[in-house]
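Q: Please construct the entire structure, taking both the sequences and the accompanying hints into account.
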Amino acid sequence: MSAFDLDDDSVVVIIGSGAGGATLANELCQQGVRCVLLEAGERLTLTDFENDEFAMAGKLAWPDAPEVTSPAPLDTSRPYVCKAVGGTTLHWSGIALRLNVVERRARQEYGTLAGASHADWPVPVADLDAYYARAEDKLGVTGTHGTPLLPGNNNFKVLYNGARRIGYRDISTGTMAINSRARDGRPGCVQMGFCLQGCKIAAKWSALYTEIPRAEQTGRLDLRPGCMALRIEHDARGRASGVVYADRAGRQQRQRARVVCVAANSVQSARLLLNSASTTFPQGLANSSGEVGRNYMTHNHVFVMARMPKPVHAYRGTVQAGLVADERPHRPERGFAGGYMLEQIAFGLPLATLALQTGSWGQQLGEFIDGYANIAGLVVLGEDLPQPDNRVTLSRSKMDAHGLPIASIHRVPHANDHAMMKHATERASALYQAVGAERLYVREATGTTHNLGTNRMSANPRDGVVNMWGQTHDVPNLFVSDGSQFPTSGAANPTLTIVALAIRQADYIAREFTARSL
Amino acid sequence: MEPSKRQLLRALPLLLAGVAASALRTPPAQAEPGAVAEDGNVEALRVVCRGLVPLSRADEAVYRDVVAVLVRMGSADPGFATYLSAAAHSLRQHFDGRWRRVSSRELRAYLDSVQQAPFFPALLSALTPTIVSLPAVWRIAGYEGESFTKGGYLLRGFNDLDWLPDPPADVMGPAA
Chain A
792 MSAFDLDDDS VVVIIGSGAG GATLANELCQ QGVRCVLLEA GERLTLTDFE NDEFAMAGKL
852 AWPDAPEVTS PAPLDTSRPY VCKAVGGTTL HWSGIALRLN VVERRARQEY GTLAGASHAD
912 WPVPVADLDA YYARAEDKLG VTGTHGTPLL PGNNNFKVLY NGARRIGYRD ISTGTMAINS
972 RARDGRPGCV QMGFCLQGCK IAAKWSALYT EIPRAEQTGR LDLRPGCMAL RIEHDARGRA
1032 SGVVYADRAG RQQRQRARVV CVAANSVQSA RLLLNSASTT FPQGLANSSG EVGRNYMTHN
1092 HVFVMARMPK PVHAYRGTVQ AGLVADERPH RPERGFAGGY MLEQIAFGLP LATLALQTGS
1152 WGQQLGEFID GYANIAGLVV LGEDLPQPDN RVTLSRSKMD AHGLPIASIH RVPHANDHAM
1212 MKHATERASA LYQAVGAERL YVREATGTTH NLGTNRMSAN PRDGVVNMWG QTHDVPNLFV
1272 SDGSQFPTSG AANPTLTIVA LAIRQADYIA REFTARSL
Chain B
124 MEPSKRQLLR ALPLLLAGVA ASALRTPPAQ AEPGAVAEDG NVEALRVVCR GLVPLSRADE
184 AVYRDVVAVL VRMGSADPGF ATYLSAAAHS LRQHFDGRWR RVSSRELRAY LDSVQQAPFF
244 PALLSALTPT IVSLPAVWRI AGYEGESFTK GGYLLRGFND LDWLPDPPAD VMGPAA
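Line order of the protein sequences matches chains A and B. Going from the first sequence to our numbering is simple: count from 1 and add 791. Going from the second sequence to our numbering is simple: count from 1 and add 123.
Since the hints were made in silico from the structure, they are not lab data. In this text the structure is predicted, and so the values were computed from the model without any measurement. Certain hints may be false.
Said to hold, decoys possible - Some residues of chain A that are not near chain B, with every Cβ distance over 10 Å (derived):
#	residue
1	A1027
2	G1041
3	H1104
4	P1179
5	S1186
To be verified - Some chain A residues close to chain B (C-beta under 10 Å, calculated; not the full set):
#	residue
6	L950
7	P1004
8	Q1008
9	A1112
We put the CB at the ideal spot given by N, CA and C, even for glycine.
A: Now the structure itself:
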């Protein structure tokens, strides 16, 4: 463990230690670059992980909810991120999907859609594909690089048979960043369940026990848990000069920097840039385009669960290792642009009841609990079209403990989102009915862990916040290193793409350092 | 096993959603005061809880346990205690002296009629997470909970479903 001086202006300061920030830090450290990694949360160990959904929510969840101004029924929307070293890689389910080429060329492929602001990714297809391959190798993704697929659990058996009976063919236990056999110093999966509560045996990839310790072993990482970034400062030339943060004791510190990288998840990353406004940058840092905070995306999520005629015990084993990709391709004849995945999911009894039965009582609730063991389930994950006014802004009235405005979120689904979710709900229902479902439980989710957009990439500085390297158009030594860079969400869980972009960005920064152009 | 309201509110986004946030938001305490421990109130709460969450395979002990937890929550939260008292009083008042002997149909009709009462959402939003956290209810529901100390479910039935054909080997890996 290294400790660099606050006045050391030769370091790269990275804000956030999740999939983007931790990967970037490790890749930079491996290439000889010294990094300070600021993380608002604390460092947990595997001992802290519990097979308990409520207890882990208390340990992982970012406790300060942003303000939500979306109209009802979205007023219950609560974006979720983890506040801990390793960030949301503690919570993710391990689904490791690439965005497909059509999703990366959404503007060309989908054309103009009223009210939507979808844009093409400026990163060349082959370039990103090469980094996807590196990311898959790093994460040990099943079904890639000769790594075997995970076995199917009971929930998968129901999913597979239902999917086949309604004519689907692209079904498997999926590309998962969960060891199907011991690899990389971590054991193979023992079908424990509780993937979303922190994998207690570390079979699932998380930055907490891969990227972070490896970066520390180089002697070039100064990880500072319990440190909340408050604002990024710049010098007279308009270059980022350092980061002001509150340390664990609440004292404000100023870390000087050669380069600053923001990887605090879409909501907090946009908020930080907006809270870093100055007389030179009155709209917020890197925001001459006015695009910071805009084009906020999640994914279109619907839970479709079914009570089957016989026991399933869906909670046993890998929570999400079961994917159906037949509806993912863009086929506008279905009445919407983009596509969706069907991804198996199961919750323990407490969380399943809250997820699907909040507000219900009497016979309906009693029957749900009585029939819990027979429930199979999936979640729809559909592409969310970005819109300029779906955005993160600063609250006008609410401040955090440091006196800074909290984030305010506004998101209204596009007509395309409604059409897609209706189609997906019908197909997922048919899937379970084809294998004898006795009762369906459908709940549209109004929020998600997949916060994307808000600092999007663009070829033209007018259209976005960062270029194809994640480098802000306005401030050359300021980077964005998380999912807020995404111009489109695709129908893919975002972590693999965040990791691929972080490796690519590290290569770029290291090259620029060598060339002395940063 | 007793999740605090704060823990629950923080748990909700873990659903990938936040679907339940509004339902868990307890309205401000307005109910008339009254001691939960008053004779018969605890028993009345058991009747109400069985009406709210009727489990076909649960014996009276489940409702005794869940009410005990709710009463403990009430002793730590006077606002919540007033809701508990209000719920008990309401039942007793409605059925007069025969509240111990109401049929499930009568109970359902009564609960339907008091859904707008402030105690109703307060009680339901505390009762639901509490009852599904009871080990006895896990056994009834067929939920086995934590598996870390038992080596996971790899050798304990993660793929024991036998009423559908097994998927072919090319769509999944071997169970090591």
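Q: Does each hint hold? Answer for all of them.
A: Each hint, compared with the structure:
1. A1027: holds, 42 Å
2. G1041: The assertion about G1041 of chain A holds, with a minimum of 21 Å to chain B.
3. H1104: violated, 6 Å
4. P1179: holds, 24 Å
5. S1186: S1186 of chain A clear of chain B: closest Cβ-Cβ about 18 Å, beyond 10 Å.
6. L950: holds, 9 Å
7. P1004: This interface hint is violated because 22 Å lies over the 10 Å limit.
8. Q1008: violated, 28 Å
9. A1112: Since the shortest Cβ distance to chain B is 8 Å, the answer is holds.
In terms of the numbered hints stated before, the structure departs from hints 3, 7, 8, listed from lowest to highest.
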